[in-house]
Amino acid sequence: MEFTASQIAGFIGGKIIGDENALITGVSPIESGETGHLSFIAQDRFAHYLETSKCSVIIVSENLLSKDTYAPTIIAVKDAYLSFQVLMNLYQEMQGRKSGIENGASIHETAVIGENVYIGTFTYVSEKAKIGEGSQIYPQVYIGKGVKIGKNCKIDSGARIYDYCIIGDNCVVHSNTVIGGDGFGFQPTPDGFKKIPQLGNVIIEDDVEIGSNCSIDRATIGSTVIGKGTKIDNLIQIAHNVKIGKNNVIAAQAGIAGSTTIGDWNQIGGQVGIVGHIKVGSQVKIQAQSGVNTHVNDKDTVYGSPAISYNDYLRSYVHFRNLPEIVKRINNLENNSKDKTNE
Amino acid sequence: MEFTASQIAGFIGGKIIGDENALITGVSPIESGETGHLSFIAQDRFAHYLETSKCSVIIVSENLLSKDTYAPTIIAVKDAYLSFQVLMNLYQEMQGRKSGIENGASIHETAVIGENVYIGTFTYVSEKAKIGEGSQIYPQVYIGKGVKIGKNCKIDSGARIYDYCIIGDNCVVHSNTVIGGDGFGFQPTPDGFKKIPQLGNVIIEDDVEIGSNCSIDRATIGSTVIGKGTKIDNLIQIAHNVKIGKNNVIAAQAGIAGSTTIGDWNQIGGQVGIVGHIKVGSQVKIQAQSGVNTHVNDKDTVYGSPAISYNDYLRSYVHFRNLPEIVKRINNLENNSKDKTNE
Amino acid sequence: MEFTASQIAGFIGGKIIGDENALITGVSPIESGETGHLSFIAQDRFAHYLETSKCSVIIVSENLLSKDTYAPTIIAVKDAYLSFQVLMNLYQEMQGRKSGIENGASIHETAVIGENVYIGTFTYVSEKAKIGEGSQIYPQVYIGKGVKIGKNCKIDSGARIYDYCIIGDNCVVHSNTVIGGDGFGFQPTPDGFKKIPQLGNVIIEDDVEIGSNCSIDRATIGSTVIGKGTKIDNLIQIAHNVKIGKNNVIAAQAGIAGSTTIGDWNQIGGQVGIVGHIKVGSQVKIQAQSGVNTHVNDKDTVYGSPAISYNDYLRSYVHFRNLPEIVKRINNLENNSKDKTNE
Numbered sequence: 013m014e015f016t017a018s019q020i021a022g023f024i025g026g027k028i029i030g031d032e033n034a035l036i037t038g039v040s041p042i043e044s045g046e047t048g049h050l051s052f053i054a055q056d057r058f059a060h061y062l063e064t065s066k067c068s069v070i071i072v073s074e075n076l077l078s079k080d081t082y083a084p085t086i087i088a089v090k091d092a093y094l095s096f097q098v099l100m101n102l103y104q105e106m107q108g109r110k111s112g113i114e115n116g117a118s119i120h121e122t123a124v125i126g127e128n129v130y131i132g133t134f135t136y137v138s139e140k141a142k143i144g145e146g147s148q149i150y151p152q153v154y155i156g157k158g159v160k161i162g163k164n165c166k167i168d169s170g171a172r173i174y175d176y177c178i179i180g181d182n183c184v185v186h187s188n189t190v191i192g193g194d195g196f197g198f199q200p201t202p203d204g205f206k207k208i209p210q211l212g213n214v215i216i217e218d219d220v221e222i223g224s225n226c227s228i229d230r231a232t233i234g235s236t237v238i239g240k241g242t243k244i245d246n247l248i249q250i251a252h253n254v255k256i257g258k259n260n261v262i263a264a265q266a267g268i269a270g271s272t273t274i275g276d277w278n279q280i281g282g283q284v285g286i287v288g289h290i291k292v293g294s295q296v297k298i299q300a301q302s303g304v305n306t307h308v309n310d311k312d313t314v315y316g317s318p319a320i321s322y323n324d325y326l327r328s329y330v331h332f333r334n335l336p337e338i339v340k341r342i343n344n345l346e347n348n349s350k351d352k353t354n355e
Numbered sequence: 013m014e015f016t017a018s019q020i021a022g023f024i025g026g027k028i029i030g031d032e033n034a035l036i037t038g039v040s041p042i043e044s045g046e047t048g049h050l051s052f053i054a055q056d057r058f059a060h061y062l063e064t065s066k067c068s069v070i071i072v073s074e075n076l077l078s079k080d081t082y083a084p085t086i087i088a089v090k091d092a093y094l095s096f097q098v099l100m101n102l103y104q105e106m107q108g109r110k111s112g113i114e115n116g117a118s119i120h121e122t123a124v125i126g127e128n129v130y131i132g133t134f135t136y137v138s139e140k141a142k143i144g145e146g147s148q149i150y151p152q153v154y155i156g157k158g159v160k161i162g163k164n165c166k167i168d169s170g171a172r173i174y175d176y177c178i179i180g181d182n183c184v185v186h187s188n189t190v191i192g193g194d195g196f197g198f199q200p201t202p203d204g205f206k207k208i209p210q211l212g213n214v215i216i217e218d219d220v221e222i223g224s225n226c227s228i229d230r231a232t233i234g235s236t237v238i239g240k241g242t243k244i245d246n247l248i249q250i251a252h253n254v255k256i257g258k259n260n261v262i263a264a265q266a267g268i269a270g271s272t273t274i275g276d277w278n279q280i281g282g283q284v285g286i287v288g289h290i291k292v293g294s295q296v297k298i299q300a301q302s303g304v305n306t307h308v309n310d311k312d313t314v315y316g317s318p319a320i321s322y323n324d325y326l327r328s329y330v331h332f333r334n335l336p337e338i339v340k341r342i343n344n345l346e347n348n349s350k351d352k353t354n355e
Numbered sequence: 013m014e015f016t017a018s019q020i021a022g023f024i025g026g027k028i029i030g031d032e033n034a035l036i037t038g039v040s041p042i043e044s045g046e047t048g049h050l051s052f053i054a055q056d057r058f059a060h061y062l063e064t065s066k067c068s069v070i071i072v073s074e075n076l077l078s079k080d081t082y083a084p085t086i087i088a089v090k091d092a093y094l095s096f097q098v099l100m101n102l103y104q105e106m107q108g109r110k111s112g113i114e115n116g117a118s119i120h121e122t123a124v125i126g127e128n129v130y131i132g133t134f135t136y137v138s139e140k141a142k143i144g145e146g147s148q149i150y151p152q153v154y155i156g157k158g159v160k161i162g163k164n165c166k167i168d169s170g171a172r173i174y175d176y177c178i179i180g181d182n183c184v185v186h187s188n189t190v191i192g193g194d195g196f197g198f199q200p201t202p203d204g205f206k207k208i209p210q211l212g213n214v215i216i217e218d219d220v221e222i223g224s225n226c227s228i229d230r231a232t233i234g235s236t237v238i239g240k241g242t243k244i245d246n247l248i249q250i251a252h253n254v255k256i257g258k259n260n261v262i263a264a265q266a267g268i269a270g271s272t273t274i275g276d277w278n279q280i281g282g283q284v285g286i287v288g289h290i291k292v293g294s295q296v297k298i299q300a301q302s303g304v305n306t307h308v309n310d311k312d313t314v315y316g317s318p319a320i321s322y323n324d325y326l327r328s329y330v331h332f333r334n335l336p337e338i339v340k341r342i343n344n345l346e347n348n349s350k351d352k353t354n355e
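Residue numbers (the numbering used here), protein chains in the order written: chain W, 13 to 355; chain D, 13 to 355; chain P, 13 to 355.
Chain W on its own, in the form it takes in the complex (with noise of 0.2 Å):
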């Protein structure tokens, strides 16, 4: 990457203060910031930065500016952090899609290949998948029996996507994910458990991203189910028959036990854990670390383990904290009811 200040400001229609001709070949957060390097200040907090940064671009939010000149080349626009949003996905889409089936895939006969579709070395298509239009997929990928995938997704190295898993438009899924793998379902029997077949698949709706070392378990009868737009962090566990709505965000190494239903833009905290069959509502906020055991009404709050609402969990752990006070205080009023019945 190497740009002029004046390019920049081609794309984000700013204004410069300073050396147009300003080369930049990397980009800073500004706390760190480096010369020859891009950044932006969009916060009055980070203002600070603009005598002191060695960057030498920085995109300002003009509100900011008090001076005619500064040290770095400035960038003036309305929105620092939009114009930076803007030139972050310019720059992504400029590294530009990969194409092609490299030498050394191993793609079955009977697989499907749209067009403009890339798949990496060593990754495995089997019979009777079908890779939609302009889909990128990483080398040393697995793609079981009948897989759909859908147009413009991008599977990451090492993802492993079982039989007759279906894919949509526009998906993302990192790297080590295992997506349809089976359900945990065992019979006990006297002699030990016995495997109870998990037959379903996972439909995967349009726009989700999935990130890296996530299970998704296959369901035992039917699909597991993530709905469009819904964002999975990493090393998520989804067992079999869940199903997850639109436009929910998931945070890392939360856990949704089998056949529990949660509805739209939810927000699930890292390390969550929810038990399975119940019903988890819409626009729904539920604290890291919480364990969920219980349907949750639209819009609560929850937090704690097992979880009960926000702001009762807080109220509560200020007491617990202060049980030893409060334990004193018992003891006091005991004693002084004694020293009564003495009198």
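Bear in mind the hints are in silico, worked out from the structure with no lab data behind them.
Please read these numbers as outputs of a predicted model, since none were measured by experiment.
All C-beta atoms, glycine included, are put in the ideal place defined by N, C-alpha and C.
Keep in mind that a hint or two might mislead.
[To be verified] Here are the computed lysine to aspartate or glutamate pairs in the DMTMM-like style, where the Cα-Cα straight-line distance is at most 25 Å:
hint	chain 1	residue 1	chain 2	residue 2
1	P	Lys-206	W	Glu-217
2	P	Lys-297	P	Asp-218
3	P	Lys-255	W	Glu-217
4	P	Lys-206	W	Asp-175
5	W	Lys-110	P	Glu-121
6	W	Lys-90	P	Asp-203
7	D	Lys-157	P	Asp-203
8	D	Lys-240	D	Asp-310
9	D	Lys-157	P	Glu-46
10	W	Lys-291	P	Asp-218
11	D	Lys-157	P	Glu-121
12	P	Lys-142	W	Glu-217
[Unchecked claim] Away from chain W, derived, C-beta distances all over 10 Å, residues of chain P:
hint	residue
13	Gln-104
14	Lys-142
15	Gly-180
16	Asp-229
17	Ser-317
Assemble chains D and P onto chain W, guided by the hints.
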């Protein structure tokens, strides 16, 4: 898959009510039945689906039937749940096992491969490894030096089995699980941590199933052991020198720290943590998210972090939720007491 | 492995009591010794195994010896634990390092590979990647564009290292760990979440070891950093822009959210969660399963969810367990108070 109602009735010894030629091409949960699909009803609370399901054929426990005819074709049996299991197992078996060595597998010349073994493309089998009769090793698996895998195992794509680990017969290891990585052992020194070599292995006994993305570390010396018939869900951590007995069920994202011993027939919930160097008995239940930091006796049920008796935890938690009210009562008592003193 | 007692005594400068030709072919923990195996006794509480162990040769701290002869051959040393470590390290070194490029690795013509590097079959090395002298890259690893790996590293099978990430010297990355996956960053809009490009990288300094199945995300801009000498167990989540200092030990299944800064020499327990945008000092201990949601000062020990001072948490937890009794005492006080009022 394509069967007629009369073929299915034949498999499970059921009696047809309706069209014996009704054709099914898939299976649905009864709550979301589809035309052309098979489902089952084994409980009274689902009996109303007899009137509304779109399924073409439904297997029903005979005691739930009251009419002479229904819209879907009915297959009446004694216990619809059991009959459906029989059918699913049958269907699974019909899928067949893979066998043969695919082109592009890398197998060391000193490795010993049993009869009817399947080894997929991009799988790497190291020197002196042994793979028993009928086992299926999917593509992209790594098998280290001197590893022994028994008969009729299934090792899914991307699993890694490190040097000298031993796996019994009829085991299943799901995708991206790592067996025999180094235990987490370091000696602190003033200059930093010095690695303690991890020279032991992992022994997995017969009939064990291990989910996806698990980490089961090799022993420092000796063996980390998973006992016969134990079933392990996804994303689980088993540290070095842990010994797990027979027929345990361990739910997703649980973790067991080094050198801990676990008996038989235990149920360990999701996201449970168990500290190192303790002993958990047999027939113990550990509730989800509990943190076990001390020995647990046979047949105990524990909960909480740190974990205590399940009933005690719940009783205390009720009061925890009620702490604001409890503190108000103490305030009142103190006020009354002062009032009396001031009288 | 096959050594005589006198060879072993030679390695560690020990004195033989018994048969100097006793042959050992393996190593056992003293609790489960086997004929033909070596073990060690460094503590008084294991000294009784001198009489009962089946091991052929035992290294023993000399102060634990009281007789002239024992059934197994004894190698007497000053500190049996240290001598045993020396021996294990020696044995590990004898195993040798792998080197050479195996057939079937895919290495871009612009990649720069140092001397004595091992690259296994099915490993994919992208353009302009650099791998330093003596490093071992096992089979089925993915190395992205412009990645730099230092000297004498070991990258295990199935690890994924994404574009432009940097790894120092003497690092170990275990199987299926993902370094440099996208950070979890999305902009909420009324139509759903819009991905924020993750354009930074991950920098891993020298002497770092990272367990299996970890996810270490690349920074949005700038770098996610793991400091020199830090050791990370399995299944751990490190989010974008986290900065971790030197010589930390982080136990399995812990998670650290975005932009948090961690000092040096901390001990972070298993399944700990640390929220984003906070600062944890140095020499801090965080107990297992704790949820840290605020800054932590140097040398503090914290526990609980949310985490508070370790001692405070334990003191409160004692009363938590006793809450039913405490509530009874309040009931009594209220009854007494009523009695008095009614007098």
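These are the hints, each one checked on the structure:
1. P:Lys-206 x W:Glu-217: holds, 16 Å
2. P:Lys-297 x P:Asp-218: Given that 25 Å is the threshold and the Cα spacing comes to 23 Å, the pair holds.
3. P:Lys-255 x W:Glu-217: Distance ~35 Å between Lys-255 (chain P) and Glu-217 (chain W) Cα, so the pair is violated.
4. P:Lys-206 x W:Asp-175: violated, 30 Å
5. W:Lys-110 x P:Glu-121: This hinted pair holds, its Cα atoms lying about 18 Å apart.
6. W:Lys-90 x P:Asp-203: holds, 24 Å
7. D:Lys-157 x P:Asp-203: violated, 52 Å
8. D:Lys-240 x D:Asp-310: Status holds; Cα separation ~19 Å.
9. D:Lys-157 x P:Glu-46: holds, 22 Å
10. W:Lys-291 x P:Asp-218: Violated - the C-alpha atoms of Asp-218 (chain P) and Lys-291 (chain W) are around 47 Å apart, more than 25 Å.
11. D:Lys-157 x P:Glu-121: It is violated: about 30 Å lies between the C-alpha atoms, which goes past 25 Å.
12. P:Lys-142 x W:Glu-217: Between Lys-142 (chain P) and Glu-217 (chain W) the Cα gap is close to 38 Å, so the pair fails against 25 Å, i.e. violated.
13. Gln-104: Holds, since 27 Å exceeds 10 Å.
14. Lys-142: holds, 18 Å
15. Gly-180: The claim stands: Gly-180 (chain P) keeps its Cβ more than 10 Å from every Cβ of chain W (closest is about 19 Å).
16. Asp-229: violated, 7 Å
17. Ser-317: Violated, since 5 Å does not exceed 10 Å.
Checked against the numbered hints listed earlier, the structure breaks hints 3, 4, 7, 10, 11, 12, 16 and 17; every other hint is satisfied.
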